[in-house]
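Undergrad: For what it's worth, the working numbering labels the leading residue of the sequence shown as 3, then goes sequentially.
Hints listed in this document are in silico derivations from the structure and should not be mistaken for laboratory results. Given the structure is predicted, the values throughout are model-derived calculations rather than measurements. All C-beta atoms in this analysis are idealised placements derived from N, C-alpha and C, irrespective of residue type, glycine included. One should not assume that every hint holds.
[Said to hold, decoys possible] The calculated label-pair distances, taken between Cβ atoms and stated as ranges, are:
(1) C23 - P59: 22 to 28 Å
(2) S21 - G64: 21 to 27 Å
(3) T34 - G64: 29 to 35 Å
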Amino acid sequence: MHGGDFVFLFAGVRWVPDSDCEQCTACSAPFTLVRRRHHCRNCGRIFCSRCSSNSLPLPELGYDRKVRVCNLCFLYKINPFSPCPGAPNSSRNHPDNGNNSAAAATAGGMSWFHFLASLLRLYSSSYNIFHRVISLVHLCVFAVQL
Numbered sequence: 003m004h005g006g007d008f009v010f011l012f013a014g015v016r017w018v019p020d021s022d023c024e025q026c027t028a029c030s031a032p033f034t035l036v037r038r039r040h041h042c043r044n045c046g047r048i049f050c051s052r053c054s055s056n057s058l059p060l061p062e063l064g065y066d067r068k069v070r071v072c073n074l075c076f077l078y079k080i081n082p083f084s085p086c087p088g089a090p091n092s093s094r095n096h097p098d099n100g101n102n103s104a105a106a107a108t109a110g111g112m113s114w115f116h117f118l119a120s121l122l123r124l125y126s127s128s129y130n131i132f133h134r135v136i137s138l139v140h141l142c143v144f145a146v147q148l
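Please work from the sequences and hints to get the whole structure.
TA: Here it is, written out as structure tokens:
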């Protein structure tokens, strides 16, 4: 396979190869010997530990116990309504996985994935995860209504 291609399918999710990702997908922090790569079990993308600090069971993907997911997939999975208008209800779909036209929707020229990543960075200070999630859900609902 060529660079940039997904190399294998694990539990139905295409994983980005480690060699194709030199920085965190969400915050763009470069990976080093100290800052390690972590695959989100839901979307297959690569994140730093800060941007993949949550875990959820993903029974539809064969994970009955909690597994690491990126913060964006975590928000998407626990949000009772889609962050993208018209996105399919399939829990396998990520807000920016390219499988639906709603994922191509932009907020000020930004993809939904990067828009949510920006929001997450704004709220990643000392708030606990519950308050961050609630705040982000409200911001996403507001953005979708625009």
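Undergrad: Against this structure, judge whether each hint is valid.
TA: Consistency of the hints with the structure:
About 25 Å separates the C-beta atoms of C23 and P59, a value consistent with the hinted range of 22 to 28 Å. In this structure, S21 and G64 meet the distance hint of 21 to 27 Å, their C-beta atoms being roughly 25 Å apart. Take T34 and G64: their Cβ atoms lie about 32 Å apart, and the range 29 to 35 Å holds.
Figure legend: structure checked against the earlier numbered hints; every hint is met.
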